[in-house]
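Please assemble the complex out of the two chains, which come individually in their own frames, going by the hints.
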Amino acid sequence: MPAARLPVFDSAQFRFPGKEDGFNEQWGDAYALLLGAHSQGVLDAPVTLLTRGAQPGEPGREIETIPGVAALNPVRFKVIAEQLWLLGYFENKPGPDSTGDIQATPEFQKAVARFQQEAGITIDGWAGRQTWKAVSALVNFETTTEMGRWKRRDGIFYRAFRRAVQLRLWAYGLAEKKPGPGFNAIPSKNLERLKKALYSLSIIDHYNREISRETLFSILFDPDRLVAAAGYFKPVKKPFGGSSDTFRDKIDDMEEHKSILEIKRRFLVNLAKTELWLLGSDIQIDGADDYPVEGLGVKRTGGFFSKAATDTQTAEYLLEYWRKLSVFGEMEARKTAKSITPSLFRSLVQPEEINTSGLPVFNESDYSKELVAEFERAPDTQVLVARSYVEGKGLGMKLWDGLKRVWAWIKRGIKKIVSFGKNIFRAFYRFAMKGFAIVKTGFSVFATSMDQYLAGRLEMSNDQAVMVTIKRDMDYQIWINDTADSRDLMAAKRSVQRFGGMFLFSCKIIGFFVDVLKTAAGGLMGWAKLLMVLVKSYRELIPAYRELMHLV
Amino acid sequence: LEEKMGLKDALDKLNNAIDDLTSLHVQTFTGKVTFAREGKTFDDVRTAIETAQGESKISLVAESVFKFDGDSYNFVTSQEGGVPSSALELHKASIDSGIKTRQGLMQMVKGVFD
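Chains H and E, in that order, are what the protein sequence lines are.
Residues 213 to 764 in the numbering used here are what the first sequence spells out, letter by letter.
Residues 44 to 157 in the numbering used here are what the second sequence spells out, letter by letter.
Bear in mind the hints are in silico, worked out from the structure with no lab data behind them.
Just so you know, even glycine gets a beta-carbon here, dropped at the ideal spot from N, CA and C.
Keep in mind that the hints are not guaranteed to be accurate.
Here are the simulated EDC-like cross-link-like pairs (lysine to aspartate or glutamate), alpha carbons at most 20 Å apart as the crow flies [stated by the list, open to error]: (1) E/135 to H/544; (2) H/741 to H/586; (3) H/623 to H/752; (4) E/110 to H/613; (5) E/100 to H/675; (6) E/135 to H/564; (7) H/446 to H/417; (8) H/628 to H/687; (9) H/683 to E/106; (10) H/628 to H/694; (11) H/627 to E/106; (12) E/135 to H/697; (13) H/470 to H/506; (14) H/628 to H/578; (15) E/110 to H/586; (16) H/683 to E/93; (17) E/135 to H/685; (18) H/389 to H/498; (19) H/616 to H/565; (20) H/536 to H/498; (21) H/627 to H/613; (22) E/75 to E/98; (23) H/616 to H/675; (24) H/616 to H/564; (25) E/135 to H/675; (26) E/75 to H/564; (27) H/547 to H/565; (28) H/345 to H/366; (29) E/100 to H/752; (30) H/623 to H/436; (31) H/389 to H/404; (32) E/75 to H/498; (33) E/100 to H/697; (34) E/75 to H/694.
Computed from the model, here is a short list of chain E residues facing chain H with C-beta under 10 Å [stated by the list, open to error]: (35) 104; (36) 110; (37) 113; (38) 119; (39) 135; (40) 138.
Bound-form chain E, shown alone (with noise of 0.2 Å):
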């Protein structure tokens, strides 16, 4: 439990993302990206995507984003036949995640820092 509640360090970050948990934002791409299976840590996988975008391996083809005050903004590529829709869905999960992560962190701050 001890090394689980070791989160001093992620808290941190967190602590420091709070003010930018203003929006939302929710980005999907498709096209050919290799990653290494061996030997992958985040920075790889940054690498390799950016590498695929320099390219132009990779395409934009779903974009959402909301702000607190209300305003959104939603994109879907209509390219090629659109988006398969069991990518939409996992698009929209992906929001319906963030929107969780940002009430749990309600949640918490409520008990925490009120």
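If we strip away everything but chain H, and leave its shape as in the complex, we get (with noise of 0.2 Å):
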């Protein structure tokens, strides 16, 4: 367990304007924390855009990019490097301990170019957001990765993408290892098994037919159809029902069936290991073939329901799962557990099957309040904040990934999916992080409508047509040149309207986010009271800064 302990927060680093500045010590504490936040890299802000009436993560809404808050910090880079390495970028994982330096080292910047180089994309060596954006596409299951895309002109898929297949085979046991430094081509071998698994979840009509790679892998990147097929999954049909007329016929019609069945029970038991670490366990992607599967009773090493099964990370996780997210008691949570079920993934896409059902629609920004509430009844908020910073900021990839699935539970009313691995920390670290990018994003649109003020006037399109002044107090004198016509007009009424928008949305989001800060910290300390002040006023900011994302 790491120590919950935050980075030492200390005030005397930074100039507080303050009094003598005209302005009070709440305005001061809140531009120092900022600031401090900032420059310390204590939050990274997802940069995603709440588009009208979409909620953040929610199944189905394309996640965008904010304009002007742009900059990837030392998690972003943390988790690039993990990505890079998965993609066998670099020989070995990056260490637990690895920071947002690394960034700097020749070998990241090295394989960053080379991964820029194998996908297509501009080769600068920095993992700029097009570079996050492509590797994400690739690496993260939830984030849609087009086809199209990925293909070079002539034909050939791009080997970053190659590379992403064999590690996608890989996470789902149908590969004996993710790609390495010299991976060029995935093996035909692993194809055949991707064949196989789809065929015996009738995902596909048969196995031993040419099908295109473009439709093999367009499968094999949306895990939602993965896991809506195994929710139905059967044993296998038995051998010898087919035209074999020979008894080497049915020998080999022997084999090819055991073969599937060991190929669909590898890939059901890693499919299931995967939703579960999306879902927020801390349950390790390998591979491996251990654990028992409804009626495809195979014996494997150690046996079919052995000790040494029941002793993995997936018997532990299994038990939380039914435990925890279904209405089973005690004993039928234990027996549900033994083995990976087709009721697991029916219970993965549609969780109201194990749960009460009818339950209200829940609300995003809603749940950050409730978090809240549930934070400040712990018998220390203090401590408990610190290990949502400290464990949020190891979740890495899962910062961003298996988002949608927790939100489709908390949207379907079944928040204890929150007590589900680290789930709590998550949620509290990502709100936090979320209201750190409105926040930021709210001074910086302040201060780009003071340089105007400052300016003394609105910035145009064509101000040799339409000059539009504004005085100290903030009164307009608008200046028609003759030669304006009706285009010049209408567009110097857009700059306008933008300016008054963007002037009262920002001051919107900065006089509450003080407010909170002054108001409800609940006697919390320093960063602390920071990551608490912005979970809070979380969702009293969102319709601001919706209406900010509209001008900006």
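Following this line, the structure appears as structure tokens:
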């Protein structure tokens, strides 16, 4: 367990604009906390745009970037390094203590440049937004991967994509190893296994005929489809039902049957592990076939239902899953957790199957309030917040991957998903990160507005035609030249509206943030105070932020 | 961010302006003003406008004053066919924008200066 400790907050190192500057101490506190958090990389902001009516992480919603809040910070660099290792661009896995400083190492820059080259993007060795997006599309389970994007003009898939295929095959137990530095092509036997796995789940109709790689890969990169199909898996049909007529044919059929059965079981075990990982557990994704699957009783080393199998992490998290996330009693939970069943996959798609139905629809920002209440009820809130920080920082890819799944449960009113794995810390840290991004954006937009105010005129697309000057007391004078036409006037109108909106909503964000900081920190100190305030103000910040995002 | 948040001067100025925000005044002028495209500063703009005013090249075509005690004053010229509708829309948008800036300041002051 990592020590629940936040970095030291030393207010003395920041200059507080205080009363002598015309500001009160609360403003100074907010200003210093935010600057300090930014300069020390306390929180990384997920760069997501909250489109109108969308909930972050909501299935089916495109995650986009916020203009102006582009800087990737330490958490992201660490995650990118791990993702590049998974794709085979690093020989060794980055250590748990690696920091954002990794970005400055030649090894990292070389790996990034090689990835960029193999992914068909601009090669500069810098892990910016484009690289982050490309790596995520290949490695994250919940990010949409468009097949067409990864094909070169000659119809061959980019090597970075081929690496991602091999990685996913390995994660699902269909390849012996993940891609390494010398990776080039996906071994054909791995693709044969994939075909058999998909055939065994009735996703494709045959495995011994040609199927386009594009079709196979598009299924492989669609975990929702795989899980939905796994919800109805059955034992493989008995052999001898085909057209074989010789004894040799029958033996071959039997061997084929065993081979498919083994692949199917291995695939289901690892699909279950992956889903448990995405839901928030610490389970290792390792491709191992180490857990019983209902109805697929081929003996393995250690034997079916062996002690060795039930001692695994899979056993631990399956039991936690059924105990915490279903209405089952202890006995039933234990019984169900003894093997991987179709009901597990069905419940992942439809949690209502194993939970109380008819629950009220739940809203993400409302949930932030509940989370705050839960933290404040804890005997030592400061320690809990500090632990959320430490655990949150250690989540790596899970900070971005798996959220759609967790959110799908919360939206259905099944809040107990938060009690699974480390989700409570994940949720708190995520809200704090997002709140931080919003407040930073608020300050940035306010500063941009102030630039125009100080310049004494609003930015216009054609200021030879129309000029809008702004006086110190925020009165306007509009100067329309004889040369102006209606398009100039409409453009000027939009500029004026944009300025007023940006000013209003950024002020709202800053005002609310400062207000909460001043009145509702609940005796917390240092960074813990900032984190709590960000989560606490999240719900109220969202409406102003959405308005702001329509303008910038 | 630090650079962006280096707002002290702006906020000082704004802080001093808050006393004057009890009214909103928007004026729209039309006419012939030429601004040099290169090396243009706000003072250059101001000079160009003042020069144009002095030479009677520009004229006030719309004016609105709103006082927060409820008084208001609106003027729209009727000379030479009045004001083009798109210019009036710009004038109205500026009033709305001016109201928003005041609302924004109220929101921020609520948090910062309470």
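(message) Hint compliance check: list the failing hint numbers for this structure, sorted ascending.
(response) 1, 4, 6, 8, 10, 11, 15, 20, 23, 26, 28, 29, 32, 36, 37 and 38
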